[in-house]
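Visitor: Protein sequences, first through last, are from chains A and B. If you count the first sequence from 1, position 77 lands on 62 in our numbering, and the numbers rise without skipping. Numbers given in our numbering equal positions in the second sequence, counted from 1, plus 10.
Each hint should be verified, as a subset may be incorrect.
With beta-carbon atoms standing in for the labels, derived distance ranges [stated by the list, open to error]:
no.: 1; chain 1: B; residue 1: 109; chain 2: A; residue 2: 213; range: 29 to 37 Å
no.: 2; chain 1: A; residue 1: 236; chain 2: B; residue 2: 110; range: 19 to 27 Å
no.: 3; chain 1: A; residue 1: 197; chain 2: B; residue 2: 44; range: 36 to 44 Å
no.: 4; chain 1: A; residue 1: 213; chain 2: B; residue 2: 234; range: 39 to 47 Å
no.: 5; chain 1: B; residue 1: 162; chain 2: A; residue 2: 156; range: 52 to 60 Å
no.: 6; chain 1: A; residue 1: 156; chain 2: B; residue 2: 208; range: 28 to 36 Å
no.: 7; chain 1: A; residue 1: 156; chain 2: B; residue 2: 346; range: 48 to 56 Å
no.: 8; chain 1: B; residue 1: 121; chain 2: A; residue 2: 305; range: 58 to 66 Å
These are computed hints drawn from the structure, not numbers from a lab. Backbone N, C-alpha and C define an ideal beta-carbon position, used for all residues, glycine too.
Now for the letters of each chain:
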Amino acid sequence: MSDKQDTPRGDSDPSGEEPVLYADTVGEYVPSDVVGRQAATAEHDDQSAFRQSPVLDEVVGDLPRTASLWGDAWRQLRRRPVFIISAILIVILVIISLFPGLFATHDPRDCNLIDSLLLPSSEHWFGTDLQGCDYYSRTLYGTRVSISIGIIVVFFVTIIAVIGGSVAGYYGGATDSIIGRITDIWFVIPTILGGIVILSLIRSRGIATVSLVLIVLGWATLLRLVRSSVLAVKANDYVDAARAMGASNPRIIMRHILPNAIAPVIIVSAIYVGVIIAAEAALSFLGVGLQLPAISWGLMISVAQQRIITAPHLLLFPGAFLSVTVFSFILMGDALRDALDPKLR
Amino acid sequence: MVSNTKTNTEMLGDFPLDPSAPLLEVDDLHVEFRIEDGVVKAVNGLSYKLGKGETLAILGESGSGKSVSAQAVMGILDTPPGFVTGGSVKFRGVELFAPDKKTGDLDHVVPEVRATRIAMVFQDALTALNPVFTVGWQLGEMFRVHQGASRKEAKEKAIEMMERVKIPSARERVNSYPHEFSGGMRQRVMIAMALSLDPDVIIADEPTTALDVTVQSQIMELLGDLQKETGMGLILITHDLAVVAEVADRVVVMYAGRRMERGEIDDVFHRPAHPYTLGLMDSIARPDVHLDRLKPIPGSPPDLLAIPSGCPFHPRCFHAKERCAKDIPELETVGEGHSSACFYWQEVQVEL
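Just chain A, with the same shape it has in the complex:
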């Protein structure tokens, strides 16, 4: 409906819709009530035409079936650019970390000192480092360390947090006090500082060691979150109802509380992967994380800082990969939050 200026009797019609119809029904005199009715019909036809569009049909058709929290969330997520971008990035990064050989152009450990500190070229896309190793291949192999540490740590931290948090939140009383006080004590240990102290005592440090230290230091935040989430869900009538129906405590926790309490945990876990990856890089950068000859972004950045003026690409590429990885997990967490938290809709 456009061309309002073209209507011959536009001034005599107060309504903005009708003049268009005059244009449609060329020259004919139409009583105003008929016009009204036609307007209604036209509008109706318009809508039904709109409804028949396949795109809308798909969306509308989905509504009644996927009305659960997860169904709703998935429908929301599919349409969110933030989610799509972060999901694509994460999928690419995970594939790289699983099969770095597929993408690498060189063996990251096959170095040639003649090629030391070359700038990016068609042979060495990201240039080479001091030892003359292909920097592009090394950066890709570094993905593996970061992603594995991030996922391993968050996996175990989430398990600890879900078990501890739901037990504390559900049983309450003395159990809650004990778990709560331990969590409080843990909470005051800063992850990086604690990591420096513990890791500097360990001589040989691999992925497992660093992961373990980060798990030991990192569970408290998430446990608190699970506990508070369980407490909120526990107050619901359906938990009482389940008890009245004779469900056992473990069953109530597994079937009735956790499915309703897990959404915020998933959100924070996704963000936490990014945080842990950054923490690993920080520890390696400080010289207490992974050790050479391991290939890790943190180590690469650490070495690169000494030649930041002469070879800035050494800092740039691992730094960029690190930032993009952390960023995509945090974006993913944000997208999940928007989709899973009904209050933010």
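We have chain A already, so just place chain B on it with the hints.
Guide: Leaving out everything else, chain B in the frame of chain A:
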């Protein structure tokens, strides 16, 4: 669970049931909540008996302890802060509570009774159903957990139960989520869940409060029909006098966790012998009596942290005399099966 198959010598857990005993016998039940501000005495000496096929209404204002007493019977009090401190609850002669060795409070020790013998219908079915699972899954859970049914069997039984509570097109709706049902249909699901294991007693905690009037009567009718069909005992917890008058056989009127009056429904409604019962009836609008103003009970229910001395109702009572503030009135027999905890019940009845 031993008690699922009802054989000749019926067992409840490890205990043999007494077929001649009443279905449910609550005697001098005391429940308190220990909170930071002190001890909230929520139920102070509630007693009642429920026979087969009988409907007992527990009537009272908010905070009179009626829901708490039901939770205590089911053993689903939040402990802490809620504790059963005294009394006895017997299901067909089997005592459900035993004193805790350390604290002396009573613990519910017969979990087998839940759902298979005594089931509960909650007030707001929307919050009493788990939002993340389909209705069929939740109904089926009863059969999976208690009878070890397979997923497929459980679903079939869920559909059967939904048909039994007259949910139209049950087969299509079995995979719907609770929020996709209307209030009345949700309450039917709740009733189906309570009924699923064929319990002997159903405790309905304000089953119609969240519903509008027409649906209310449908739900009460459904409960009545099912009761006739199965011969189960029904405890109806409500503050709605109309619902009580419609379906109950007997009624217990509660105030501040205490029994004020009990008796057959006709006796209590037509010849109330307690000023509180009288006040409740005067405070609702009746289409057959024209009044310019309703007569509400003055004041508000007492703070259960500091229950008034003597008769807990005396600060709000028109008939209160000096004695009411000092002595706690015991239940006195007013007529056959009708008793009142008021010193001056005769005066109250004269007023009628």
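Visitor: Is it true that residue 213 (chain A) and residue 234 (chain B) lie within 39 to 47 Å of each other by Cβ?
Guide: Check passed, 44 Å falls within 39 to 47 Å.
Visitor: Would you say the C-beta atoms of residue 162 (chain B) and residue 156 (chain A) sit inside 52 to 60 Å of each other?
Guide: About 35 Å separates the Cβ atoms of residue 162 (chain B) and residue 156 (chain A), which means 52 to 60 Å is violated.
Visitor: Honestly, do residue 156 (chain A) and residue 346 (chain B) meet the 48 to 56 Å range at C-beta?
Guide: holds (49 Å)
Visitor: Hint says 29 to 37 Å; check whether the CB-CB distance for residue 109 (chain B) and residue 213 (chain A) agrees.
Guide: For residue 109 (chain B) and residue 213 (chain A) the Cβ distance comes to about 35 Å; the hint holds.
Visitor: Using the beta carbons of residue 121 (chain B) and residue 305 (chain A), state whether their distance is inside 58 to 66 Å or not.
Guide: This hint holds: roughly 59 Å between Cβ atoms.
Visitor: Does the Cβ pair residue 156 (chain A), residue 208 (chain B) satisfy 28 to 36 Å?
Guide: Because 32 Å falls inside the window, the suggested range holds.
Visitor: 19 to 27 Å was suggested as the range; check whether the CB atoms of residue 236 (chain A) and residue 110 (chain B) agree with it.
Guide: The hinted range 19 to 27 Å holds for residue 236 (chain A) and residue 110 (chain B), with Cβ atoms some 24 Å apart.
Visitor: Would you say the C-beta atoms of residue 197 (chain A) and residue 44 (chain B) sit inside 36 to 44 Å of each other?
Guide: holds (43 Å)
This entry does not satisfy hint 5, going by the numbered hints stated previously; all others are met.
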